[in-house]
Amino acid sequence: MIGPSWLAAAFAAVVAAVALFSVGRLIASRGRRRRAEVDADGVHILMGVAMAGMFVPRLAILPTPAWEVIFATGAGWFGWRAVQVRHGGVARHSGRGGSGYGRCCQYPLPHLVDCAAMLYALWAVPVLRPAAPATGGISDMAGAAGGVGGVRLPVLGLVLALCICGYVVWLGDRLPPTALARAAVDAREPVSAGPVSAAAAAATGMAARLAGRPLLAPRIATCCKIAMGVAMGVMLIDLL
Amino acid sequence: MTNQDAAVRDAAWTSRAAAAAWEPPDARRWLQLGLAVIWVLDGVLQYQSAMFSRAFSQLLAHSGPGNPAVIAESVSWAARIIEHNPMTTNAVFATIQLALGLGIAWRSTLRVALAASIVWSVAVWWLGEGLGGVLTGGASPVNGAPGAVILYAVLAVLLWPAAGGRPASFVAGRPLGAGAARAVWLVLWGSLAYFAMLAVNRGAQGLHDMIGAMAAGEPGWLASVNRGAAGLLAHRGLPASVVLAVVLAAIAVGIFLPAPAARVAVVLAVAVSVASWVVGQDLGTVLAGGATDVNSGPLLVLVALAFWPGGASPREPLGTVRGEAAGAGRGEAAGAVPGEEATR
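Protein chains in written order, with this note's numbering: chain X, 16 to 255; chain S, 18 to 361.
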């Protein structure tokens with residue numbers, strides 16, 4: 016899809032690795048008393064598989080309509096979750112509770128954008144669709160898009176790419192520091208000093224989360240989100 | 018207590034430490050993040066298929082002619098290297114830009130990334146843009162003079178997370194001091210006013226031709242904007258250039274006025290930057306394909322916002338661990354990803 020084949024293969028490897036990590040996180044979280052983000056990890060698995068097929072066509076495993084249904088469903092889910100979170104369902108949905116929401120991600124909006132971006136990538140190159148073989152799916156569409164141009168609503172693609180770049184930077188800003196710096200923080204501000212930490216936690220809505228199980232490998236998960244965002248941005252911009 | 022219980026307890030303990038240490042962005046940090054977004058977008062743009070062809074090196078080579086020999090020869094030298102290894106060099110360039118954006122976003126590497134961005138920007142401005150055409154007589158504030166890439170370096174300096182900071186009512190004044198920062202503003206916007214009056218711009222059809230030529234390859238609505246603007250400027254190059262130069266000069270000196278007037282100058286700077294980005298730069302020609310960056314419009318907006326009177330907060334600069342001297346460099350804020358505890 017992009018540039019030289021080795022670069023496309025490298026991006027495919029990155030998104031596939033993110034998908035594999037998400038699978039592993041979901042499995043490992045069950046036996047380690049840690050929490051995963053079932054919906055976010057799930058959509059990363061699907062995105063990883065779909066995008067790997069877009070970068071390297073021979074890796075495509077589903078036809079385009081199937082991916083459209085999948086990501087439309089994902090968009091609907093995360094849209095609904097975003098509404099729920101907006102109406103104060105954060106603690107109830109992300110905490111330990113016995114409901115199905117207890118394992119959902121805290122911030123569904125970026126994943127809604129991810130699903131929308133996948134749908135856009137599937138929809139933006141309509142001219143090529145009739146010529147695509149039934150099993151070629153998005154890989155053929157996307158593979159040819161870079162050279163053909165004429166995508167639908169390029170401004171929408173640009174806006175989505177901007178949103179995703181913004182999300183990548185937003186994640187980077189909140190990425191925990193190196194172990195060295197964190198050790199310095201821990202040494203200066205022991206948590207047993209209570210009130211300040213508790214107030215900060217409450218202010219950021221963490222109280223409910225602290226009552227439940229901590230997330231499994233959040234730092235690596237954040238890096239995976241960043242990697243997926245960069246790959247998605249590259250894919251969208253190359254479609255334009 | 019089992020090992021598993023201890024691990025869970027430690028995870029929660031560390032997460033509370035991280036949550037307590039992480040501070041929400043202040044005005045300067047927001048501008049740094051804006052700069053990071055543009056760097057990331059630049060990296061993504063550089064990964065486009067077209068950039069891996071020889072067209073990229075040819076694009077660079079075109080920026081050399083018209084410059085003094087030392088500049089032109091160095092531009093040709095760089096273009097030849099890229100021409101011989103287009104795929105490798107472009108992949109490296111794209112990755113560097115991406116790394117700069119991510120480095121600015123991550124507080125642990127903020128200073129290193131800003132410093133590296135200055136070096137990279139100056140090198141690209143020289144070797145890749147031929148100093149933005151400022152020595153060729155062909156520069157125009159409408160189409161991106163003095164070269165977008167040098168503005169990254171200017172922003173890195175203006176947004177540097179200086180320890181302690183100097184007293185200033187605006188973000189850009191904290192690392193340099195208000196006087197030096199205003200001097201940077203004066204030089205930047207004053208030079209744009211000067212470029213507006215160059216012969217190539219003040220000719221009867223100068224701006225008309227420049228904007229009209231931008232329409233090629235753009236989506237219909239943007240091409241219509243180009244054609245409409247070009248029509249308005251037909252045979253009015255001189256008066257349009259004079260008006261533009263006066264506005265830019267007013268912006269340049271406006272920052273020295275009292276706060277209310279300075280705010281007007283900043284708002285005017287933002288408006289001019291956005292207008293030129295849409296009409297004269299076509300959103301950096303991103304929609305036409307083949308753009309290597311977003312051009313100068315968004316960067317000038319960031320510069321202008323850094324001079325917003327009252328925009329500087331008095332607290333310790335972000336990008337440092339709470340209570341730690343900012344000059345330590347390695348110790349940056351402990352960020353906790355919202356919704357995610359800071360555990361491994």
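There may be inaccurate statements among the hints.
What the hints assert, rightly or not - Stretch by stretch, here's where chain S covers chain X in the computed footprint (C-beta under 8 Å, at least three residues): (1) 123-129; (2) 167-177; (3) 184-192.
Unchecked claim - Here are the in silico distance ranges between beta carbons for each label pair: (4) Val84/X with Leu255/S: 53 to 61 Å; (5) Arg101/X with Leu255/S: 49 to 57 Å; (6) Gln75/S with Arg167/X: 47 to 55 Å; (7) Ala24/X with Val281/S: 50 to 58 Å; (8) Gln75/S with His102/X: 27 to 35 Å; (9) Ala24/X with Gly307/S: 19 to 27 Å; (10) Leu203/S with Ala24/X: 28 to 36 Å; (11) Pro277/S with Val174/X: 29 to 37 Å; (12) Pro19/X with Trp94/S: 43 to 51 Å; (13) Val136/S with Gly39/X: 35 to 43 Å; (14) Ile42/X with Ala72/S: 41 to 49 Å; (15) Gly234/S with Ile42/X: 42 to 50 Å; (16) Ala72/S with Arg167/X: 19 to 27 Å.
It should be emphasised that the hints constitute simulated quantities derived from the structure, not laboratory data. Nothing here was measured: the structure is a model prediction, and the numbers come from that model. C-beta: ideal position from N, C-alpha, C; glycine also.
How the hints compare with the structure:
Check result for the segment 123-129 of chain X against chain S: violated, 0 residues qualifying (beta carbon to beta carbon below 8 Å, three or more required). With 5 residues having a Cβ less than 8 Å from any Cβ of chain S, the segment 167-177 of chain X passes the three-residue criterion, so the hint holds. Three residues within the 8 Å Cβ limit are the bar, and the segment 184-192 of chain X against chain S gives 9, so the coverage statement holds. For the hinted restraint 53 to 61 Å between Val84/X and Leu255/S, the CB-CB distance of approximately 60 Å keeps it satisfied.
In this structure the supplied range 49 to 57 Å holds for Arg101/X paired with Leu255/S, their Cβ-Cβ distance being about 54 Å. For the pair Gln75/S and Arg167/X, the beta carbons lie near 30 Å from each other, so the given range of 47 to 55 Å is not met. Distance hint check for Ala24/X and Val281/S: the Cβ-Cβ separation is about 53 Å, which falls inside the suggested range of 50 to 58 Å. For the hinted restraint 27 to 35 Å between Gln75/S and His102/X, the CB-CB distance of approximately 55 Å leaves it violated.
Between Ala24/X and Gly307/S the Cβ separation comes to about 23 Å, which falls inside the hinted range of 19 to 27 Å. Distance hint check for Leu203/S and Ala24/X: the Cβ-Cβ separation is about 50 Å, which falls outside the suggested range of 28 to 36 Å. For the pair Pro277/S and Val174/X, the supplied restraint of 29 to 37 Å holds, since their beta-carbon distance comes to about 34 Å. Taking 43 to 51 Å as the suggested C-beta distance range, the pair Pro19/X and Trp94/S does not conform, at roughly 24 Å.
Between Val136/S and Gly39/X the beta carbon distance is about 39 Å. The supplied range of 35 to 43 Å therefore holds. Range check, Ile42/X to Ala72/S: about 46 Å between beta-carbon atoms, so the 41 to 49 Å window is met. Between Gly234/S and Ile42/X the beta carbon distance is about 48 Å. The supplied range of 42 to 50 Å therefore holds. Against the hinted window of 19 to 27 Å, the Cβ-Cβ separation of Ala72/S and Arg167/X comes to about 25 Å, which satisfies the hint.
The structure does not agree with the numbered hints 1, 6, 8, 10, 12 stated previously, though it agrees with the rest.
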